[in-house]
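Protein chains: 2
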Amino acid sequence: MANHRVVIVGGGFGGLNAAQSLRSASVEVMLVDRRNFHLFQPLLYQVATGGLSPSNIAVPLRSIVRRQNNCQVLMADVVGFDLTNRRVHLTNGDVPYDSLIVAAGAQTGYFGNGDWSNRAPGLKSIEDALEIRRRILSAFELAEREQDPIRKTALLTFVVVGGGPTGVELAGTLAEITRHTLKADFRRCQPADARILLVDVAPRLLGAMPEDLSTEAQDRLARMQVEVRLNTRVLRLDDAVVTLKEGDLTEVIAAQTILWAAGVEASPLGQQLTAAAGLIAARGGRVPVGPQLHLEGHPDVFVIGDLAHAVDGDGRPFPGVAPVAIQQGKYVARLIIARLKNRDLAAFEYFDYGNMATIGRSAAVAQLGRWKFRGRVAWLMWLFIHLMQIVRFENRLLVLIQWAWNYLTFNRSARLITDVGRRESASNTEPPVSSSAPPCSP
Amino acid sequence: MANHRVVIVGGGFGGLNAAQSLRSASVEVMLVDRRNFHLFQPLLYQVATGGLSPSNIAVPLRSIVRRQNNCQVLMADVVGFDLTNRRVHLTNGDVPYDSLIVAAGAQTGYFGNGDWSNRAPGLKSIEDALEIRRRILSAFELAEREQDPIRKTALLTFVVVGGGPTGVELAGTLAEITRHTLKADFRRCQPADARILLVDVAPRLLGAMPEDLSTEAQDRLARMQVEVRLNTRVLRLDDAVVTLKEGDLTEVIAAQTILWAAGVEASPLGQQLTAAAGLIAARGGRVPVGPQLHLEGHPDVFVIGDLAHAVDGDGRPFPGVAPVAIQQGKYVARLIIARLKNRDLAAFEYFDYGNMATIGRSAAVAQLGRWKFRGRVAWLMWLFIHLMQIVRFENRLLVLIQWAWNYLTFNRSARLITDVGRRESASNTEPPVSSSAPPCSP
Chain H
4 MANHRVVIVG GGFGGLNAAQ SLRSASVEVM LVDRRNFHLF QPLLYQVATG GLSPSNIAVP
64 LRSIVRRQNN CQVLMADVVG FDLTNRRVHL TNGDVPYDSL IVAAGAQTGY FGNGDWSNRA
124 PGLKSIEDAL EIRRRILSAF ELAEREQDPI RKTALLTFVV VGGGPTGVEL AGTLAEITRH
184 TLKADFRRCQ PADARILLVD VAPRLLGAMP EDLSTEAQDR LARMQVEVRL NTRVLRLDDA
244 VVTLKEGDLT EVIAAQTILW AAGVEASPLG QQLTAAAGLI AARGGRVPVG PQLHLEGHPD
304 VFVIGDLAHA VDGDGRPFPG VAPVAIQQGK YVARLIIARL KNRDLAAFEY FDYGNMATIG
364 RSAAVAQLGR WKFRGRVAWL MWLFIHLMQI VRFENRLLVL IQWAWNYLTF NRSARLITDV
424 GRRESASNTE PPVSSSAPPC SP
Chain G
4 MANHRVVIVG GGFGGLNAAQ SLRSASVEVM LVDRRNFHLF QPLLYQVATG GLSPSNIAVP
64 LRSIVRRQNN CQVLMADVVG FDLTNRRVHL TNGDVPYDSL IVAAGAQTGY FGNGDWSNRA
124 PGLKSIEDAL EIRRRILSAF ELAEREQDPI RKTALLTFVV VGGGPTGVEL AGTLAEITRH
184 TLKADFRRCQ PADARILLVD VAPRLLGAMP EDLSTEAQDR LARMQVEVRL NTRVLRLDDA
244 VVTLKEGDLT EVIAAQTILW AAGVEASPLG QQLTAAAGLI AARGGRVPVG PQLHLEGHPD
304 VFVIGDLAHA VDGDGRPFPG VAPVAIQQGK YVARLIIARL KNRDLAAFEY FDYGNMATIG
364 RSAAVAQLGR WKFRGRVAWL MWLFIHLMQI VRFENRLLVL IQWAWNYLTF NRSARLITDV
424 GRRESASNTE PPVSSSAPPC SP
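Note that the protein sequences, when read in sequence, are chains H and G.
FYI, the numbering for the first sequence is 4 to 445, going by my numbering.
FYI, the numbering for the second sequence is 4 to 445, going by my numbering.
These aren't lab readings, by the way, just hints derived from the structure by calculation.
It is possible that some hints are incorrect.
Said to hold, decoys possible - No more than 30 angstroms apart at the CA atoms, straight line, and that leaves these computed lysine-lysine pairs for DSS-like:
1. K344(H) - K333(H)
2. K248(H) - K127(H)
3. K186(G) - K333(H)
4. K333(G) - K186(H)
5. K375(H) - K127(H)
6. K344(G) - K333(G)
Okay, chain H solo, but in the shape it has when bound (with noise of 0.2 angstroms):
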């Protein structure tokens, strides 16, 4: 007899730590990806902000499961599920499977304003992070040769739109590049002078933390000369410029660059996979599955990880984390082998270790069980915890450091301008603010 088939989309935290997990059993697996790399995405962060490269936080997915015999790694784009003959559509061909983990994540969500997104880019994939990255260097780039004032107060006001971990992170390290790294580097324009705001509609930030670890990232943030804006939407985004509103207020802000990171929504697989199961997506699109994270109706196929809406014992859907996605992904992979068995297994539960989130240099918040900590103790924490999560070692020296050389000498040594990011942005290489500018005559 053949053996049992399991199919994996996506090579994220879900996916790969479900193929992992199977590692002794008696499965085929095959691992699918459009991109073939794994991706540690609680750290693209600091490829956004020129502290680490690509190469530092991905590792080729074939790399990881390359002495794993019953596992194959495909690299190719999904297009749609046959569930009723137990098949995944290929771009080019068909893949069949007996059992079928769907882990494709989720992608930046601008809450119906697609238009946003060339505005304002998120921070999900690698060429995001290194468009971002164009984007505030250029930023000082043409801060340097503008003479006109109000372009430059322009050029040198950064937004960042969303006040969870990664606006947090976003915010804090923009903060310390301009007040330290690029300091010495320019000559007409101050990057100290860089005016940083920090955008969330909530009333506090960060709010999975407990509310005193809001309040002191919140200081801490003001202490680097962050704006915190709270209580407050964004109106309109235009190019270049924000519309702010926070109570009946309204407030106009000219920046060159505005960062999204406000929200999330399922991957456009998981529209393919409700509508195959005959079922309604749950809130951002999400697919819901029932507590032994499977669809309705289809016990073979699960969905994990930021793509599925599940709940726990009292009604409350997971958190999309990375904890959730890995715990997930090695409860499948247990329900799988246990079935094989003819035995099944209880109920997927979370354990939750806690929530932390770094503001800077020496400086972060964590919450695990019952105790808090923040300052240079919190932040120690977070490095560890990261760096051993980091798949191979190799990776895990390296950023180390790195991070040790640009904690020692306040320095970002991934400061390139390459000519990547996404396609959509082409046009957009030399930013409209600038354009009519006389920069050069000393």
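For chain H, the structure is supplied; the task is to place chain G on it using the hints.
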């Protein structure tokens, strides 16, 4: 009196060394480059083959000269020169100069076959390197899901055109990757079976080297199963098909990946400059300059490095290598300083330290003065000299660690297929050879 204004176009080896050599002079230096970084081109092939990351071999220009108070950096595109009024035209704006140093370098040249550039990318920029990396790695990914044996063979055939140092390095590293690094990564295709051809029109490789070292390099490549085709020229280049001609024999080879290391031509700025000065361009569009490296009739306009056509006392042109550019940059700086003191300098002389090329793991050839080296000794020399030259301490350390790791483990960690590379290749993401393949029905 205002300081003497020196404008340097290009932050490569020539321009950067000129700027740094003017450190203590009472001049105002403006270093103009369209990129924000200095690129260590000799190691670009390591990025193209996944051994190093872009930021390992590129350093922001601003951070290199941040402590040089008489030097400004301007990231801008130069579009022309007004030699009469002494101004450099930028995309938007002008920069005036008292002395001008043009060091805009060279780009990949196709001997009039411009349409070959997308079929066989050259290796002159970070984008080039990432595009080549994407093509090489994608070829294996496509081969893994290809079932047609003829198409599979084409996917696993790599042709490197040009047997100079870059071509030898690319072919040697390709052999290393396929024979070692990727060996265990794939399940259905055998990277070790990849066919690698190195083609050159000359009767031997590494024409600048002594003949016995050329033979040594050729033998070494043959032992790594690289087919070296000498006295062979490229008759036609089509998408994934190359037609070779050796004597009266014509051979058509289907190869998904064709890389071009066969020639360079001067930056288009050379044409602007020769036209502005009323001169006739030299071979490859280079700008002819006199023994003091300035334009005839324009003692205030210097051209150095790959863009310049200068000859030594015996009328032989200087080779297009980094040491020439470096020495010319330093010479011109000294000449400008001398002139400010109403002194003059003798003609530029090139001190030739020698030549080296690396072939692969522990294999290189080197000729230093009267001495010749080969094998591991030459490789260690090559490593040492190149590391010492990488501009900053941090990069040197990271590059060394990365190399040591690669050497010990046969690994190459920067094997990411990112959706970057040159824009014109956007349509080429899915190579044509596989378009109708039914890839997967295990």
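Against the structure, the hints:
Distance check on the hinted pair: K344(H) and K333(H) sit about 17 angstroms apart at the alpha-carbon level, within 30 angstroms; holds. A distance of roughly 26 angstroms separates the Cα atoms of K248(H) and K127(H); the hinted pair therefore holds under the 30 angstroms criterion. For the proposed pair K186(G) and K333(H), the alpha carbon gap of about 29 angstroms is at most 30 angstroms, so the pair holds. Simply put, K333(G) and K186(H) have alpha-carbon atoms about 29 angstroms apart, close enough for the 30 angstroms limit, and the pair holds.
Among the hinted pairs, K375(H) with K127(H) is consistent with the structure: their alpha-carbon atoms are about 28 angstroms apart, no more than 30 angstroms. As the CA atoms of K344(G) and K333(G) are separated by approximately 17 angstroms, the hinted pair is consistent with the 30 angstroms bound.
Checked against the numbered hints given earlier, the structure satisfies every one of them.
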